[in-house]
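Q: Chain by chain, the residues:
Protein chains: 2
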Amino acid sequence: MSLIIIGTVAFDAIETPFGKTDKIVGGAATYASLAASYFYKKVKIVGVVGDDFHQDDIDTFTKHGINTEGLQIKKGEKSFFWSGKYHNDMNSRDTLITELNVLADFDPIIPESYQDCEFLMLGNLTPQVQQTVIKRLKNRPKLIVLDTMNFWMDVAMDDLLETLKLVDVLTINDEEARQLSGEYSLVKASRKILAMGPKYLIIKKGEHGALLFHEDKVFSAPALPLAEVFDPTGAGDTFAGGFIGYLAKVGTVNFNNMKNAIIFGSALASFCVEKFGTEKIINLTEQEVAARVQQFVNLSTFTIEA
Amino acid sequence: MSLIIIGTVAFDAIETPFGKTDKIVGGAATYASLAASYFYKKVKIVGVVGDDFHQDDIDTFTKHGINTEGLQIKKGEKSFFWSGKYHNDMNSRDTLITELNVLADFDPIIPESYQDCEFLMLGNLTPQVQQTVIKRLKNRPKLIVLDTMNFWMDVAMDDLLETLKLVDVLTINDEEARQLSGEYSLVKASRKILAMGPKYLIIKKGEHGALLFHEDKVFSAPALPLAEVFDPTGAGDTFAGGFIGYLAKVGTVNFNNMKNAIIFGSALASFCVEKFGTEKIINLTEQEVAARVQQFVNLSTFTIEA
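As they're listed, the protein sequences go chains A and B.
Under the UniProt record's numbering, the first residue of the first sequence carries the number 1, and numbering increases by one thereafter.
Under the UniProt record's numbering, the first residue of the second sequence carries the number 1, and numbering increases by one thereafter.
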């Protein structure tokens with residue numbers, strides 16, 4: 001049994017009001033697999049890089065017990081590169097450079113050793129590639145989580161709608177939920193989106209936490225108020241990785257476990273933004289994670305006496 | 001022992017995407033006192049109206065057990081009037097008309113029968129009038145809650161800072177917390193604001209809930225996701241009234257009771273927005289309020305097993 005995470009493995013150059021980086025390792029699958037590795041030991045990555053991606057970079061995955069057999073390395077080609085600059089409020093950013101490189105014709109390979117997949121995280125990529133991964137698995141995983149973004153709603157809505165029929169959980173942000181559904185109210189949006197295929201919808205609201213919708217139930221998870229958000233890059237992917245990693249660990253998919261999974265994902269994401277790139281989430285201890293989760297418990301617990 | 005609520009008692013004309021009203025009764029003290037009356041029976045209002053405010057309008061308070069001895073009625077003058085139009089997202093609005101009328105030279109009168117005040121809610125008004133009320137009370141109440149807005153930060157910041165030194169709890173929204181502190185991060189903003197006087201700071205985030213800061217503690221309260229927000233007018237005042245009404249009922253001021261007070265205040269506010277003006281909050285049953293509070297419990301409860 002294993003957890004497959006597919007998504008970009010890339011280089012990012014990030015500028016925030018606090019400073020800027022050279023090319024550092026990033027990408028949705030990078031953040032998500034590192035986050036998941038804190039909860040589950042059989043994480044397997046699917047992605048593609050160029051030969052500018054060095055052994056050191058791959059070692060980071062290996063040290064976290066992440067299987068990289070499904071990470072294709074294209075000789076003579078370059079890895080996906082993204083560069084962006086965050087505004088002062090850290091809630092908006094400008095993309096400075098996007099070089100697709102190896103991602104332009106990415107054809108995901110699922111190694112035979114990955115066919116024991118029980119949990120599948122489809123990180124943000126073209127809906128067609130996401131769909132291809134599902135079709136290349138011989139057995140349908142117990143849980144398929146899909147992350148996407150407004151860009152695919154703009155340019156590949158039909159493919160996205162087809163892919164949504166095949167998944168169990170969709171994670172998007174509030175603006176994307178509004179765009180996908182055509183509804184401003186998130187309650188109305190959730191009803192329309194749950195009718196598109198997913199049984200669970202997670203709406204990420206950044207500094208305002210997250211909402212989980214399932215049937216007629218809703219759960220509101222808080223975000224940890226932070227004095228300093230240093231670099232938001234990868235927070236959503238870290239959330240998704242922590243979320244599915246926790247579910248893979250507990251093994252049973254239900255509303256209660258999903259609520260907890262959201263808290264664990266949020267805790268990992270709250271670490272992610274404290275330093276540039278993956279710097280903070282490659283060196284966490286179990287104790288740090290447990291203490292952060294306890295902060296979320298303290299943050300949101302109240303006891304109403306009847 | 002009693003709870004005094006001071007603030008505007010006014011007429012509003014409201015336009016939303018769902019419809020528009022003629023002049024209806026509104027004002028911060030109206031919403032807050034009605035909300036408080038669901039939890040506490042000795043609510044006393046301080047305000048001023050013109051003789052366009054009819055006996056029927058006063059009867060609404062009386063029916064809820066609200067003492068109106070401190071509500072001045074100015075013969076031959078007109079009540080404060082506000083008219084506004086909400087945009088499609090319901091999060092922003094244009095003020096169409098503001099007629100101060102009797103509010104222009106409001107001198108709050110504290111009847112002798114109000115001198116048993118233990119809980120004091122200073123609704124949004126000029127900081128000087130708010131301060132006058134504190135000074136006219138012979139004994140300092142056990143708890144003073146102050147609500148204010150960006151307008152007073154623009155035109156009367158010095159007065160506001162003086163008044164803040166005298167209160168226990170400040171309720172403002174996230175943009176106002178940023179303006180008052182000069183800090184974007186709400187954690188940093190809270191530290192600066194708590195150094196200005198208040199021991200507790202409540203930051204209202206509308207559809208994203210509320211944050212309570214006290215010493216080094218923080219509590220995040222969810223907002224109930226609603227399919228339809230019909231009219232947001234008065235939601236903040238309803239929240240504040242429910243909040244202090246609940247505290248007056250339990251009598252003891254501490255962090256735990258404040259957390260519950262925020263949930264009860266949020267529950268009342270979630271009713272407020274379901275109809276125009278005060279229409280929904282003048283006719284609630286105890287059972288409806290209890291069921292709504294239970295929705296907040298269900299919405300935010302999770303159980304992490306160690």
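Just so you know, these hints were derived from the structure itself, not from any lab.
C-beta: ideal position from N, C-alpha, C; glycine also.
Some hints here could point you the wrong way.
[Stated by the list, open to error] With a straight-line cut-off of 20 Å between C-alpha atoms, the simulated PhoX-like cross-links for lysine-lysine are: (1) 217(B) - 259(B); (2) 142(B) - 41(B); (3) 74(B) - 20(B); (4) 199(B) - 165(B); (5) 192(B) - 205(B); (6) 23(B) - 275(A); (7) 205(A) - 205(B); (8) 142(A) - 42(A); (9) 275(B) - 188(A).
[As the list claims (entries may be wrong)] Some chain B residues close to chain A (C-beta under 10 Å, calculated; not the full set): (10) 151; (11) 226; (12) 293.
Q: If any of the earlier hints don't hold here, list their numbers in rising order.
A: Hints 3, 6, 10 are the ones this structure does not satisfy, whereas the remaining hints hold.
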